[in-house]
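K.L.:
Protein chains in written order, with the working numbering: chain F, 1 to 286; chain E, 1001 to 1312; chain G, 2001 to 2439.
Since the hints were derived computationally from the structure, they do not count as laboratory data. All residues carry an ideal CB built from backbone N, CA and C; glycine is no exception. It is possible that part of the hints are untrue.
To be verified - Per label pair, the in silico range of CB-to-CB distance: (1) G:D2344 / E:F1298: 57 to 63 angstroms; (2) F:T27 / E:R1067: 29 to 35 angstroms; (3) F:V65 / G:K2433: 53 to 59 angstroms; (4) E:R1067 / F:Q190: 32 to 38 angstroms; (5) E:L1159 / G:K2433: 39 to 45 angstroms.
Said to hold, decoys possible - Below are the BS3-like pairs computed for lysine-lysine, each with C-alpha atoms no more than 30 angstroms apart in a straight line: (6) G:K2226 / G:K2353; (7) G:K2433 / G:K2226; (8) G:K2310 / G:K2197; (9) G:K2197 / F:K61; (10) F:K70 / F:K230; (11) G:K2152 / G:K2385; (12) G:K2060 / F:K230; (13) G:K2226 / G:K2310; (14) G:K2226 / G:K2257; (15) G:K2353 / G:K2385; (16) G:K2152 / G:K2433; (17) E:K1045 / F:K271; (18) G:K2310 / F:K61; (19) G:K2257 / G:K2197; (20) G:K2226 / F:K70; (21) F:K230 / F:K271; (22) E:K1206 / E:K1232; (23) G:K2368 / G:K2060; (24) G:K2433 / G:K2353; (25) G:K2353 / F:K70; (26) G:K2152 / G:K2226; (27) G:K2353 / G:K2368; (28) G:K2433 / E:K1045; (29) E:K1045 / G:K2257.
Said to hold, decoys possible - Below, a sample of chain E positions facing chain F; criterion: calculated Cβ distance under 10 angstroms: (30) F1147; (31) I1228; (32) P1229; (33) W1273.
Okay, here's what each chain looks like letter by letter:
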Amino acid sequence: MPRRIPRIQKAAGFRFSPVYLLYAVMTILALLWLSPVVWSLVASLRPLNDPFYSGHIWFGKSLAVESYLKAFRLAPFGRYYVNTVMQVVLILGVQLVFSSLAAFAFARYRFRGDRVLFMLILTQMMIPTSALLVPNFQTIRWLGIYNTILAIAIPFWGSAFGTFLLRQAFLAVPSDLGDAAEIDGCSWYQMLFYMYLPSAMPSVTAFAISSISWHWNDFLWPLIVTQSDKVRPITAGLVRFTQLGEIGAQWALLSAATMIVTLPLLLMFLKFQKRFIEGYLHSGIK
Amino acid sequence: MNRRNPLLPYLLITPTLLFVAMFTIFPLLSSIITSFYKQRLNIPKFREPVWDGLGNYRELLSDEVFRQVISNTGIYVLILVPLCVAAAFLLALMLHAGGGEGSTAVLNRRSRNLRRVGKRMNGFYRTAFFYPTVIPMVSAATIWMFFFTPDYGLFNRFLLFLGYRGAQNWAGNPDLALAAVLITAFWKSAGYYMIFYLAGLQNLPKQVFEAAVIDGAGPLRLLVSITIPLLKRTTLFVTTIAFIGTFQSVDHVFVLTGGGPSDRSSLLLYHLWQVRFDQLNVGEASAITVILVLLLLFFTVSNFIFNERGER
Amino acid sequence: MKRETMYVRTGVLIAAALLLGTGFLFAAGQAESPAAEGNVEISIAYPVAVDAPIADILQKYADEFQAENPEVTITPVFSGGYTDVKTAIQTSIEGGGNAPALAVMLATDLYDLVNAGYVTAMDELLAAMPDGDAYIDDFLPAFMGNSYYEGKTYSLPFQRSAVVLYYNADLFREEGIALPTDWDSFAQAAAALTVRKNGQVTRWGLEYSSDWPYWLFQPLAIGNGKNIVGDETTVYFNAPEVVEALQYYIDLSRVYKAMPEGVQASWGTSTGNFAAGKTAMIMHSSGSMTNLLGSSDFEVGVMGMPGTVKPYASVPGGGNLYITSGLSDAEEQAAFDFAVFLTDPEREAEFSKATGYIVPRYSAAETKTMQDYFADVPQALDAMKALEYAEKELALQNLGEVRGIFHKYLQSAINGEMSAQEAMDTAQNLADKALEDFR
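Using the sequences plus the hints, can you model the full thing?
P.N.:
Encoded structure:
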């Protein structure tokens, strides 16, 4: 209770603080940053046949969900959602296991060729997947997994980014601590699970977020290695609306499709950002 | 150090290495080899690869379009990366100062109540800046295409409000097309890098700042001589992934300008795509892949050296 | 905090272990199963370029076909836009996999597709048909123009469109302007329909986008008496008629002030402006007709682009049905049969009505379905009529590179960086060089 008093006093006096200015600037910036999605949300609620023109670019003549209905009619988004979730989980789960193992090895041990091997893995970050479509497609064929969710996921299982990020975090763990644990008879996986991984939660989270948003949105590779709607991800649905080459942009329809594709991810981020980001930020301070 | 099993580290990296080798190293090696062959799928006599030495590279270097593309890419990367990194840092700094844990980085301990409000606002700000990351580039670029529409596009409206009276056809004007591509990418990625700075800022040791404040250091002094140097590793990391990310994003070029007008907004990866799948020139496309990888290596390594040197 | 990290940790571990296991199981379950003896399984890859339920329509046709031919299974595969279909076909053939047997790809990709060995000629299959010649002759010649290579037939017109001029007929009536019949009257009409208030344009007379310019530009050159493309290795970029056409395009903005200056990336936005009455005329694809008719509250007129030596001109566009290479005889036959089935006049009429594409066969235009549709929507007939003076769409050897050159210099001229003559001379030069290897 005693705390209340200064607050009221301050409100009455309204002393200028740079913080106000900061909030003002931040709010303006945030609104600017948000404007595309806000516009898109509003535009998705226009009647389909309501043209956009000067002075008529936000709300249509009436609010309508036609665009959403049409989008759902043109693409099986329900099935796509399930596939996308499976795909993203299949990628991230394996990546986390593989990357933490590799990162642990690189951070904890010195071994012959470690630098070379590390650089070799890192090259993956520098090579755009779209440059390697043909050979990778051949590999998928060779593995006999064409047209499966596994085919979409498998090229990303070895993750240079994950390895790099986690190694960076693992390096922050003092090696003396590890040595001591080893002397106490701690096995490598106990060390990894009870010492290294907990301290690397920020990086795990950061990696998880970027991996999820990257693979949620990947569209060319999935289109190439799959052919049936049974296994295709949600971006395959989106492509139906972004590539309406012959008729010009259907802003309302496209906005609706974008909303359908991104809202789950956005909501997930909104819901978990506190848990995730704040959680890891706090755990990081020590 | 590892007294148990000398093979253990190798075993630990095997899964990652295996998949990286299978889906990156192997195809990369095959690209390097192919780059020395003339192979053009749309010419029957060159459908099968024919040894051509450095022919593809020579052809590229004398190709006016390729030089234009390289210069576009250079401008694009050298503007976008610093811009993104600076914006990410500033946004993170403001977020941190406005409502984070220790507003020690810039501001002193005044107005605790404000900070509490700020904490709530922070979630909002964070989402506002980060959410473009989770939107597919194709939709983001399409939304921006609308924003760039001459006359009523929101971006033009906004510029008009700020007093800009210049050309408005962003995607068609030779001097603006690359900027349009750049602005879209900036909006899309700055918030992503911000998250890393935010984490870096939160992990800074508070005591250092407290000590400095006691010594009478002002906010600017704190920023320049403590915050920025201590974030060196974060900066190195962020610039590295920003370089790589910048080279690899291409969807927005497809949607916004198609590389035009007159190749003014064509970027290396976009050009690679065109040569490979539109012109069916496998040899030249492989050579471009190799050049792309070399450029990335050059940028990341020099970035690394530059930052390391600053540390001493 | 501690407990939470532990949960996350164990959760991740368990999830990963489960996934690794199920992933492989899943893969095994989903792997392609070989077709049973005597049965043929083929798929057809198609793009979506208009906002019609094409997936449903094709699925319906596939079902009908299967009902008639129980030994054949047909799977329609949606593959993105035209570019994505081509990339998917390329990747799967080069990757050694079996590509969809039938694919809807751009008519203009013919040479590249044949040279690279991605597609198969249909002549034998056509010859085996009872009335093969009559079948081919029934397609509009403008559409068949991009189907032949080295005397062989490689594709069947399917979802085809044309460049047309959309005009706001109400505005023409209100302002008492006659419909343009040549370049002069067209430019004057466009200028007269442009409205300025205090120096600000409130309505453009014309929007003529130039962000992917060759297609919309071609009708200008054709109407002036010279197409930009000749045989498979010849272009006429710097023919006097073509340079004149380019100069005319530039003059429409510079001299007549009837459209915005410079390269206009307005393919996506001009339709909205037109429907809202903010632009009096636009050049666009006939594929956007359904959309424009639905969203405009005035009478929409459709015609070819007025010309000089021709009364008006247009150029076809869109996709043809190709049969891919590397198929077994049975698959090839099934693919061809399904292609013929799809191009049945009645089905084409229905498809055209649902999607807005132009019916590619005379007999399809004469069906009752189509005649009723024409009576109902005369603009659809006008779009088809626009093709009367059409010539072939830019298609030749090394298309990607040559088209890139043309775009580059056309845009340079439009943006005023070069004169029309200089730009087209350069383009001709470079294109000739790019075609050297193909002669």
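K.L.:
Next, verify each hint and record whether it holds.
P.N.:
Hints, one by one, checked against the model:
no.: 1; hint: G:D2344 / E:F1298: 57 to 63 angstroms; in the structure: holds (59 angstroms)
no.: 2; hint: F:T27 / E:R1067: 29 to 35 angstroms; in the structure: violated (45 angstroms)
no.: 3; hint: F:V65 / G:K2433: 53 to 59 angstroms; in the structure: holds (55 angstroms)
no.: 4; hint: E:R1067 / F:Q190: 32 to 38 angstroms; in the structure: violated (57 angstroms)
no.: 5; hint: E:L1159 / G:K2433: 39 to 45 angstroms; in the structure: holds (41 angstroms)
no.: 6; hint: G:K2226 / G:K2353; in the structure: violated (33 angstroms)
no.: 7; hint: G:K2433 / G:K2226; in the structure: holds (21 angstroms)
no.: 8; hint: G:K2310 / G:K2197; in the structure: violated (36 angstroms)
no.: 9; hint: G:K2197 / F:K61; in the structure: holds (26 angstroms)
no.: 10; hint: F:K70 / F:K230; in the structure: holds (20 angstroms)
no.: 11; hint: G:K2152 / G:K2385; in the structure: holds (28 angstroms)
no.: 12; hint: G:K2060 / F:K230; in the structure: holds (18 angstroms)
no.: 13; hint: G:K2226 / G:K2310; in the structure: holds (10 angstroms)
no.: 14; hint: G:K2226 / G:K2257; in the structure: holds (26 angstroms)
no.: 15; hint: G:K2353 / G:K2385; in the structure: holds (16 angstroms)
no.: 16; hint: G:K2152 / G:K2433; in the structure: holds (27 angstroms)
no.: 17; hint: E:K1045 / F:K271; in the structure: violated (59 angstroms)
no.: 18; hint: G:K2310 / F:K61; in the structure: violated (43 angstroms)
no.: 19; hint: G:K2257 / G:K2197; in the structure: holds (14 angstroms)
no.: 20; hint: G:K2226 / F:K70; in the structure: violated (43 angstroms)
no.: 21; hint: F:K230 / F:K271; in the structure: holds (29 angstroms)
no.: 22; hint: E:K1206 / E:K1232; in the structure: holds (17 angstroms)
no.: 23; hint: G:K2368 / G:K2060; in the structure: holds (21 angstroms)
no.: 24; hint: G:K2433 / G:K2353; in the structure: violated (44 angstroms)
no.: 25; hint: G:K2353 / F:K70; in the structure: holds (18 angstroms)
no.: 26; hint: G:K2152 / G:K2226; in the structure: holds (26 angstroms)
no.: 27; hint: G:K2353 / G:K2368; in the structure: holds (12 angstroms)
no.: 28; hint: G:K2433 / E:K1045; in the structure: holds (18 angstroms)
no.: 29; hint: E:K1045 / G:K2257; in the structure: violated (50 angstroms)
no.: 30; hint: F1147; in the structure: holds (7 angstroms)
no.: 31; hint: I1228; in the structure: violated (19 angstroms)
no.: 32; hint: P1229; in the structure: violated (17 angstroms)
no.: 33; hint: W1273; in the structure: holds (6 angstroms)
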